[in-house]
Amino acid sequence: MNYMDYLKTQDFPLFWCGGCGNGAVLGAIVRSFAALCYSKEETVVVTGIGCWGKADDYVTTNSFHGTHGRALAFATGIKLANPKLQVVVLMGDGDGVTIGGNHFIHAARRNVDVTAILVNNYNYGMTGGQYSGSTPLNSITSTSRYGHIEEGFDICQLAIAAGAPFVARTSSDDPLAMQRFITAGLNKKGFSLIEVIAPCPTHFGKNNGMRNAADLMKWVKERSISVARAHTMNEEELALKLIMGILTDTEREDYGSKYSRVIAAAQEGRRDIK
Amino acid sequence: MTLKKNIFAMGNEAITEGALAAGARFYAGYPITPSSEIAERSSIRLPQLGGMFVQMEDEIGSIAAVIGASAAGVKSYTATSGPGFSLMQENLGVAVMGEIPCVIVNVQRSGPSTGLATKPAQGDVMQAKWGTHGDHGIIALSPSSVQECYDLTIRAFNLAELYRTPVILLADEIIGHMREGYCPHLPKEIIERKKPLCANRDYKPYDFCGEENEIAPLAAFGSEYITRINGSGHDESGNACGRLDNADKFIRHYHEKFQKNRDDIIETKSFDLQDAEYAIITFGCSVRSGKAALKLARQKGIKVGLLQLVTIWPFPYEQVAKICEQVQGVVVPEMNLGQIQGEIRKVCPTHCSLWGINRVDSQMITPYEILAKLEEAAI
Amino acid sequence: MKETWQVIFSGVGGQGLMLAGKLLGDAATGYEGKYAVMTSAYGVESRGTFAKSDCLISSSEIDYPEVLKPDVVIALAAVAYKKYAPLLAKGTVLLYDDSIEPLPSYAEQICLPLAKIAKEAGNPLGINLVSLGVLVQQTGIVQELSVINAIKDEFAGREKQIMLNLQSFQAGIRAKQI
Numbered sequence: 452m453n454y455m456d457y458l459k460t461q462d463f464p465l466f467w468c469g470g471c472g473n474g475a476v477l478g479a480i481v482r483s484f485a486a487l488c489y490s491k492e493e494t495v496v497v498t499g500i501g502c503w504g505k506a507d508d509y510v511t512t513n514s515f516h517g518t519h520g521r522a523l524a525f526a527t528g529i530k531l532a533n534p535k536l537q538v539v540v541l542m543g544d545g546d547g548v549t550i551g552g553n554h555f556i557h558a559a560r561r562n563v564d565v566t567a568i569l570v571n572n573y574n575y576g577m578t579g580g581q582y583s584g585s586t587p588l589n590s591i592t593s594t595s596r597y598g599h600i601e602e603g604f605d606i607c608q609l610a611i612a613a614g615a616p617f618v619a620r621t622s623s624d625d626p627l628a629m630q631r632f633i634t635a636g637l638n639k640k641g642f643s644l645i646e647v648i649a650p651c652p653t654h655f656g657k658n659n660g661m662r663n664a665a666d667l668m669k670w671v672k673e674r675s676i677s678v679a680r681a682h683t684m685n686e687e688e689l690a691l692k693l694i695m696g697i698l699t700d701t702e703r704e705d706y707g708s709k710y711s712r713v714i715a716a717a718q719e720g721r722r723d724i725k
Numbered sequence: 006m007t008l009k010k011n012i013f014a015m016g017n018e019a020i021t022e023g024a025l026a027a028g029a030r031f032y033a034g035y036p037i038t039p040s041s042e043i044a045e046r047s048s049i050r051l052p053q054l055g056g057m058f059v060q061m062e063d064e065i066g067s068i069a070a071v072i073g074a075s076a077a078g079v080k081s082y083t084a085t086s087g088p089g090f091s092l093m094q095e096n097l098g099v100a101v102m103g104e105i106p107c108v109i110v111n112v113q114r115s116g117p118s119t120g121l122a123t124k125p126a127q128g129d130v131m132q133a134k135w136g137t138h139g140d141h142g143i144i145a146l147s148p149s150s151v152q153e154c155y156d157l158t159i160r161a162f163n164l165a166e167l168y169r170t171p172v173i174l175l176a177d178e179i180i181g182h183m184r185e186g187y188c189p190h191l192p193k194e195i196i197e198r199k200k201p202l203c204a205n206r207d208y209k210p211y212d213f214c215g216e217e218n219e220i221a222p223l224a225a226f227g228s229e230y231i232t233r234i235n236g237s238g239h240d241e242s243g244n245a246c247g248r249l250d251n252a253d254k255f256i257r258h259y260h261e262k263f264q265k266n267r268d269d270i271i272e273t274k275s276f277d278l279q280d281a282e283y284a285i286i287t288f289g290c291s292v293r294s295g296k297a298a299l300k301l302a303r304q305k306g307i308k309v310g311l312l313q314l315v316t317i318w319p320f321p322y323e324q325v326a327k328i329c330e331q332v333q334g335v336v337v338p339e340m341n342l343g344q345i346q347g348e349i350r351k352v353c354p355t356h357c358s359l360w361g362i363n364r365v366d367s368q369m370i371t372p373y374e375i376l377a378k379l380e381e382a383a384i
Numbered sequence: 113m114k115e116t117w118q119v120i121f122s123g124v125g126g127q128g129l130m131l132a133g134k135l136l137g138d139a140a141t142g143y144e145g146k147y148a149v150m151t152s153a154y155g156v157e158s159r160g161t162f163a164k165s166d167c168l169i170s171s172s173e174i175d176y177p178e179v180l181k182p183d184v185v186i187a188l189a190a191v192a193y194k195k196y197a198p199l200l201a202k203g204t205v206l207l208y209d210d211s212i213e214p215l216p217s218y219a220e221q222i223c224l225p226l227a228k229i230a231k232e233a234g235n236p237l238g239i240n241l242v243s244l245g246v247l248v249q250q251t252g253i254v255q256e257l258s259v260i261n262a263i264k265d266e267f268a269g270r271e272k273q274i275m276l277n278l279q280s281f282q283a284g285i286r287a288k289q290i
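Protein chains in written order, with our numbering: chain A, 452 to 725; chain B, 6 to 384; chain C, 113 to 290.
I should point out that these hints are in silico values taken from the structure, not numbers from a laboratory. Quantities reported herein were computed from a predicted structural model and do not represent experimental measurements. Among the hints, erroneous ones may be present.
Stated by the list, open to error - Straight-line alpha carbon distances no greater than 30 Å define the calculated DSSO-like cross-link-like pairs of lysine-lysine that follow:
no.	chain 1	residue 1	chain 2	residue 2
1	B	254	B	351
2	A	505	B	262
3	C	272	B	9
4	B	199	A	459
5	B	124	B	300
6	B	209	A	535
7	B	305	C	181
8	C	181	B	300
9	B	193	B	274
10	A	491	B	200
Unchecked claim - Chain C side only, calculated, beta carbon under 8 Å to chain B, not exhaustive:
no.	residue
11	134
12	141
13	148
14	150
15	151
16	152
17	154
18	175
19	176
20	178
For glycine and all other residues, C-beta sits at the position ideal for the given N, C-alpha and C.
Next up, chain A with everything else stripped away, as it sits in the complex (with noise of 0.2 Å):
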């Protein structure tokens, strides 16, 4: 299959602004696809609400655009009810990790087998970039005009607490590192968690003094660091990083698999799933 079979073209140009990283990982997620020889009819990409919410318009697979921050909980019922669909969520971090933050947490714990794409622009940007769970402190967002008081998540670091067993992250800037994340993410059996950094030009930029495309990435590529880099520093010096890589890679039985052998086990009348 070629990557372009799972974009409907005709509906171009894409919604996002200039700047904005979307289009890039939604570039990532369809050659993901395309190098992985999904079937359109098998796969199903689980939306919810917010700029990067929009990109279920743009894919010609199967598609669930639901309610804000409900994402996961949408494709845990899909998914656990046909374990052939490879599931794809797709989450802002608003949706994510702050309406959202319960399904996210717990999805991770429970390790239902789909595979969350976050990408966090720092503000909720369709609603004209008030901050979010994951807004860096002392930020000006158009909710915080005297500058963010709250810290912003580590939204890795809260999957991996939460137990998932895959969690990656990079920027929308690296094409090669996003498809080779999302595609080794597709391929994990379990939740697997690739936060995509794509900061929102139009209101996170534009508030804190980034004024083009060049801007983020330059604010992107201060705070990037390798998961060997992090390594020999201290909490101190890791502090305002962004660890880029596979940050957890670990196998643990996904909800589905175990939940077969429950299965078998009330069909033969025994009392333990072994």
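Knowing the structure of chain A, use the given hints to seat chains B and C on it.
Positioned in the frame of chain A, the structure of chains B and C alone reads:
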């Protein structure tokens, strides 16, 4: 062990067995009194039948998982009570707008808020209709016995599949926790959702025009068709659509698909209404009080009948209007402050008196309270 | 034969009041083709506070599911006895355990050492089943055999539980009124 014809069981148990008999194979829920027996029994019974149970992190996630599983082709249900039903309202709208069949059991308890957590009420009548925002229709059925818990759960799934809609089984603590003999017979009819027959490329999951009952076929995720489910304003294909004429068409559809099929959806039961000069109109657990009052009143020579509203939404206005036309007065016992009575008022002619008997202290309305009102009226 | 029996099992949570009612209802509906309804009341706590189950057994359909005029009230704890003794009218039988301090009542009172009988029958927790045995023996509300069948169904596959509950029930059947 002898083969028993009737099983002495709780309403909540019969609801679970009804769901399984209807072909449901997926449950997602969050524990809440007085509905938890449905979750507990489902967690044992579903895997025995190859189905799946998952206890979600909250009721928001529960109904989302139920909708997702149904979109993937598996008949799905959840059970909850007041506070949980409140949390479900936003995603209930996804099932309405996405036209995804599913069954939500609300075993009503005292409210508002946490209320009296273990005590009964019938206060969620209007919430069932209007709890999720925006104009739409919905189906709600209300059982008054353990047998009806079983039968109406099966019917709830059938209606959900036929009309591509969430269906609310509006039970209450009395009926859910009451034990009674019931027969878990094989369902007379099991309705499966209509699947598309068109060529793959022509399939549009929301193209209802010209379809039987105006309901478009629904292909499950993983079928040979591409299915796009959308809780935002969408066109026939499920693509996001901001056109105003399109919004008008679909929002009217979410309302009219129930209006056009009222005769099929609405079920009422009549008791001794033929010669009745007075009528008791009620639903759920209050039917039990009403039936007992009817017998007491008849013994005293008062000509009373009873209309049980099995379908609450769409509201049986025609059936109620016919009774109001016939009798001199209608008594409406309900464990709320007049939610059903208000609907009856819309169609009650001036010659017919309308009295409510309302309790919100979580005590069942006694037959004597209803009898007293009838005696007062008949003098 | 009486058309409808109205019975209340009362005491505190954890005494198996629901089980007693359930077995009675199951015996009636499952084995005698009768109608039965059972409702219960309890607090949010599972143990230790007032609880009751209302059972109606009838040869015809039962409309109202709560007991309005009890024929028999069984009180297994002082909190329940104190609640019912002053409320009951003539025509009701009030059966209670001899550990409870008696109060004046219009009801016909029967005091039996239910807890002691349960203990002697090898199951101190079986006071609910002992009282069910007394009820069945005194009233003939259902056949003894129907309850035995209901016990066997309830604890199917758990032989020890069946044995213990049968022993308690039958000890109640044998208990002589004092």
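Against the structure, the hints:
| no. | hint | result |
| --- | --- | --- |
| 1 | B:254 / B:351 | 27 Å, holds |
| 2 | A:505 / B:262 | 29 Å, holds |
| 3 | C:272 / B:9 | 23 Å, holds |
| 4 | B:199 / A:459 | 27 Å, holds |
| 5 | B:124 / B:300 | 27 Å, holds |
| 6 | B:209 / A:535 | 23 Å, holds |
| 7 | B:305 / C:181 | 19 Å, holds |
| 8 | C:181 / B:300 | 16 Å, holds |
| 9 | B:193 / B:274 | 19 Å, holds |
| 10 | A:491 / B:200 | 19 Å, holds |
| 11 | 134 | 6 Å, holds |
| 12 | 141 | 3 Å, holds |
| 13 | 148 | 6 Å, holds |
| 14 | 150 | 4 Å, holds |
| 15 | 151 | 5 Å, holds |
| 16 | 152 | 7 Å, holds |
| 17 | 154 | 7 Å, holds |
| 18 | 175 | 4 Å, holds |
| 19 | 176 | 4 Å, holds |
| 20 | 178 | 6 Å, holds |
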